[in-house]
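**Q** Which chain is which? The protein sequence lines are H, W and B, in order. Quick note, in the numbering used here, the first sequence goes up one by one and the last residue is 157. Quick note, in the numbering used here, the second sequence goes up one by one and the last residue is 157. Quick note, in the numbering used here, the third sequence goes up one by one and the last residue is 157.
Treat the hints with care, since some could be wrong.
Pairs involving identical chains hold if they fit within one copy or between any two copies, as the list cannot separate such chains.
Said to hold, decoys possible - Subject to a maximum C-alpha distance of 27 Å in a straight line, what follows is the list of computed DSS-like cross-link-like pairs (lysine-lysine):
{"no.": "1", "residue 1": "LYS64", "residue 2": "LYS52"}
{"no.": "2", "residue 1": "LYS5", "residue 2": "LYS150"}
{"no.": "3", "residue 1": "LYS150", "residue 2": "LYS6"}
{"no.": "4", "residue 1": "LYS64", "residue 2": "LYS6"}
{"no.": "5", "residue 1": "LYS5", "residue 2": "LYS52"}
{"no.": "6", "residue 1": "LYS64", "residue 2": "LYS150"}
{"no.": "7", "residue 1": "LYS64", "residue 2": "LYS5"}
{"no.": "8", "residue 1": "LYS52", "residue 2": "LYS150"}
{"no.": "9", "residue 1": "LYS52", "residue 2": "LYS6"}
Hints were generated in silico from the structure; no laboratory data involved.
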Amino acid sequence: MSRIKKCTGSLSRVIAARLAPGCDLAESIETIAEEENITSGVILSGAASLRKAVLRNVGSFPGKFPITDDVRVFLTRTDPLELLALSGNISTREGSLHLHCHAVVSSGEEDGRAYGGHLMKGTEIFSTGEIVLAEITGCEMIRLEDPETKSAELHFQ
Amino acid sequence: MSRIKKCTGSLSRVIAARLAPGCDLAESIETIAEEENITSGVILSGAASLRKAVLRNVGSFPGKFPITDDVRVFLTRTDPLELLALSGNISTREGSLHLHCHAVVSSGEEDGRAYGGHLMKGTEIFSTGEIVLAEITGCEMIRLEDPETKSAELHFQ
Amino acid sequence: MSRIKKCTGSLSRVIAARLAPGCDLAESIETIAEEENITSGVILSGAASLRKAVLRNVGSFPGKFPITDDVRVFLTRTDPLELLALSGNISTREGSLHLHCHAVVSSGEEDGRAYGGHLMKGTEIFSTGEIVLAEITGCEMIRLEDPETKSAELHFQ
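So here's chain H without its partners, still in its complex pose:
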């Protein structure tokens, strides 16, 4: 079986959004997708200033899949940060919307040094958040439990 699963579609609706101070970045993207009824989509752009970032990385390889919180490193920063890049997608998992997103941020405290990880809830807009996402049509993106990674991975149908 191929190690690459893929699906061909096209971009249909594009949503540009502006998030006000205090908005939760991940929750806001989920709200937008829900309100617009987008179940398969891609984040095209994210630029923002943040007052709080909650990010997750993997600190060491687990002995076997799945990756669990035992080996994860959770990072919470509360200094002013610029959101530099936001990569991810929107799918559904057991019928509910699922956002998967990775973020890069920079800190003024360390002269622009960049940090990043899996975007967690709790990440908050400082002055503004500018997001563009697009619906993918012709390609239904769903999360199904994967026998290899023991996690809900992206599938297409």
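Since chain H is already given, all that's left is putting chains W and B on it; use the hints.
**A** Chains W and B in isolation, oriented as in the chain H frame:
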């Protein structure tokens, strides 16, 4: 009032561009948008090598909005850098084109460590710059003074 | 002659893909493009977990073009990494598919610190890789030897 403002459109024209050595990255994107008459758009991709980067971050929270240069940290680097990601959009402010862009760069001096911030003019291409941007139609993106942040924030009409 | 070369097209097919553990990131994107016969395209999104990253930066300015391996710094990491952003494009060079891609990754070992550079072959998926790329039509992207940089730079026809 909702803390999320949004607008639904679609991508129409896509411009791929190659910038030669010495081009100013921000000014070149503005030139492309002006020549193509793109007033609402999104940066889809940016990969380049740079000989100079001028970036801006926020060093400490201001007592109140707006964010001013008093609390900002300006970073100028003149070592060889790779532009790793470019996120942002094109709108108009009082009828003039406005580019808002955040950049991630890496340095060979520190074994690939990444830095970033708000992209400023003065950032120069070293060998090549490869940019893809897209026009958003059906959604007019404009900057208006925001009563909360006291800055020109993204609005849609 | 203008220092900015550009071309106007539109996005047609969009390919979403999921890469399984052990896939080579760069080779997988090339495989997808080849199988789908995409000769001009842009990476819209990349989020993944990695078990190995091979990245290239420029350590010092060469006396003259071209940039060669003498001044480059090659970085190989084998700790668990998150792929945070992937920027680049697909073109052809002498009739063969050519992927040009820059990557940002973060490490759990150093609390989310970010690294990056030119994506090299050898970069391997740990648990999953989620990629979205789009075909650009109306704009043929090819690599031709450039008399100024002495490298194969992006041209349009």
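**Q** Mind listing which of the numbered hints don't hold for this structure, in increasing order?
**A** Result: no hint breaks.
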